[in-house]
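Q: Sequence:
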Amino acid sequence: MNRPRQQRQNRIPRPNLDGYRQGSFVTPSFKESLESYSKEKIVFSWRYFDGKHEAFNCGNADKSWFMDLMEVMKNVSNMSLNEYMQCKPLRVHSHDWSKVTYKYDHLTAEQVKQIENDTTQFSISQAKGRVHGFLIENLLFVVWFDPDHNLYPGDRDLVLARQPLSSYEILQLEHDTLKEEYESLLKEKEALETNLLQCLYDKEEGA
Numbered sequence: 001m002n003r004p005r006q007q008r009q010n011r012i013p014r015p016n017l018d019g020y021r022q023g024s025f026v027t028p029s030f031k032e033s034l035e036s037y038s039k040e041k042i043v044f045s046w047r048y049f050d051g052k053h054e055a056f057n058c059g060n061a062d063k064s065w066f067m068d069l070m071e072v073m074k075n076v077s078n079m080s081l082n083e084y085m086q087c088k089p090l091r092v093h094s095h096d097w098s099k100v101t102y103k104y105d106h107l108t109a110e111q112v113k114q115i116e117n118d119t120t121q122f123s124i125s126q127a128k129g130r131v132h133g134f135l136i137e138n139l140l141f142v143v144w145f146d147p148d149h150n151l152y153p154g155d156r157d158l159v160l161a162r163q164p165l166s167s168y169e170i171l172q173l174e175h176d177t178l179k180e181e182y183e184s185l186l187k188e189k190e191a192l193e194t195n196l197l198q199c200l201y202d203k204e205e206g207a
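Residue 194 in my numbering sits at position 194 of the sequence shown; the count goes up by one each step and never skips.
Treat the hints with care, as some may be off.
[As the list claims (entries may be wrong)] Restraint-style ranges between C-beta atoms, simulated for each label pair:
id	residue 1	residue 2	range
1	Val43	Ser184	48 to 54 Å
2	Asn75	Ala109	32 to 38 Å
3	Ser125	Val43	19 to 25 Å
4	Tyr152	Phe49	30 to 36 Å
5	Arg156	Ala191	51 to 57 Å
6	Val159	Glu183	37 to 43 Å
7	Val159	Ser94	21 to 27 Å
[Unchecked claim] Derived pair list, reagent style DSS-like, types lysine-lysine, alpha-carbon separation capped at 25 Å:
id	residue 1	residue 2
8	Lys128	Lys88
9	Lys99	Lys88
10	Lys52	Lys128
11	Lys203	Lys189
12	Lys41	Lys74
13	Lys52	Lys63
For the record, the hints were derived by calculation from the structure and aren't laboratory data. In this text, all values refer to a predicted model and were calculated from it rather than measured experimentally. We put the beta carbon where it would ideally sit given N, CA and C, even for glycine.
Taking the hints into account, I'd like the entire structure generated from these sequences.
A: Shown next, in the form of structure tokens:
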């Protein structure tokens with residue numbers, strides 16, 4: 001029976017490998033495809049990125065952290081799949097779902113089941129957190145940035161943060177602040193003008 005169209009849309013796309021498997025044997029075309037993917041460069045996808053989670057919104061991260069993050073991601077994007085998996089400074093490994101504090105709860109249950117064995121994470125540096133996601137062939141889907149090691153905090157307390165404001169929200173806040181200051185100064189000006197007129201009137205009355 002065909003699945004409903006809505007369910008199909010929730011499925012995470014995988015490359016269509018011709019001759020994927022025949023029984024329990026790996027076909028030559030499948031083996032060739034695997035070898036090809038292992039040599040291709042890592043490509044990042046942001047389709048399932050979640051920057052709103054209180055534990056992974058980078059609300060406490062400084063500018064230098066983001067520069068380090070971009071540098072590491074640039075280096076990863078120049079690696080083949082094999083190079084990525086074997087790069088010791090990155091300390092690449094999958095998730096142990098029994099030890100994490102959070103799961104990819106913004107994905108559907110079906111999607112989580114599909115990628116539960118495809119998870120990956122790599123280090124920005126030993127003290128600067130990790131990038132979490134899942135890997136399908138050479139396509140790395142970024143899910144969370146974790147500067148505070150919140151997915152595996154160990155004995156540390158979780159470091160939660162409010163979601164940073166967007167550029168538009170910052171401008172709107174500045175606009176509202178300036179508007180309030182303007183209205184306050186305008187009222188002060190009107191009060192001074194009223195006092196001045198009263199002083200002039202009193203002076204004329206006393207003349």
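Q: None of the hints should be skipped; say for each whether it holds.
A: Results for each hint:
Here the CB-CB span from Val43 to Ser184 is close to 53 Å, well matched to the stated 48 to 54 Å. Range check, Asn75 to Ala109: Cβ separation about 34 Å, and the 32 to 38 Å hint holds. The hinted range of 19 to 25 Å is satisfied by Ser125 and Val43, whose Cβ atoms lie roughly 23 Å apart. The hinted range of 30 to 36 Å is not satisfied by Tyr152 and Phe49, whose Cβ atoms lie roughly 20 Å apart.
For the hinted restraint 51 to 57 Å between Arg156 and Ala191, the CB-CB distance of approximately 55 Å keeps it satisfied. At roughly 39 Å, the beta carbons of Val159 and Glu183 sit within the given window of 37 to 43 Å. In this structure the supplied range 21 to 27 Å holds for Val159 paired with Ser94, their Cβ-Cβ distance being about 23 Å. Distance check on the hinted pair: Lys128 and Lys88 sit about 16 Å apart at the alpha-carbon level, within 25 Å; holds.
Of the supplied pair hints, the one linking Lys99 and Lys88 holds, its CA atoms being roughly 22 Å apart against a limit of 25 Å. In summary, the hint linking Lys52 to Lys128 is supported, as the alpha carbons are separated by about 19 Å, within the 25 Å threshold. This hinted pair checks out: Lys203 and Lys189 have alpha carbons roughly 21 Å apart, not beyond 25 Å. Proposed proximity of Lys41 and Lys74 is supported: the alpha carbons are some 11 Å apart, at most 25 Å.
The straight-line distance between the Cα atoms of Lys52 and Lys63 is roughly 18 Å, inside the 25 Å bound, and the hint therefore holds.
In this structure, only the earlier hint numbered 4 is contradicted, and the remaining ones agree with it.
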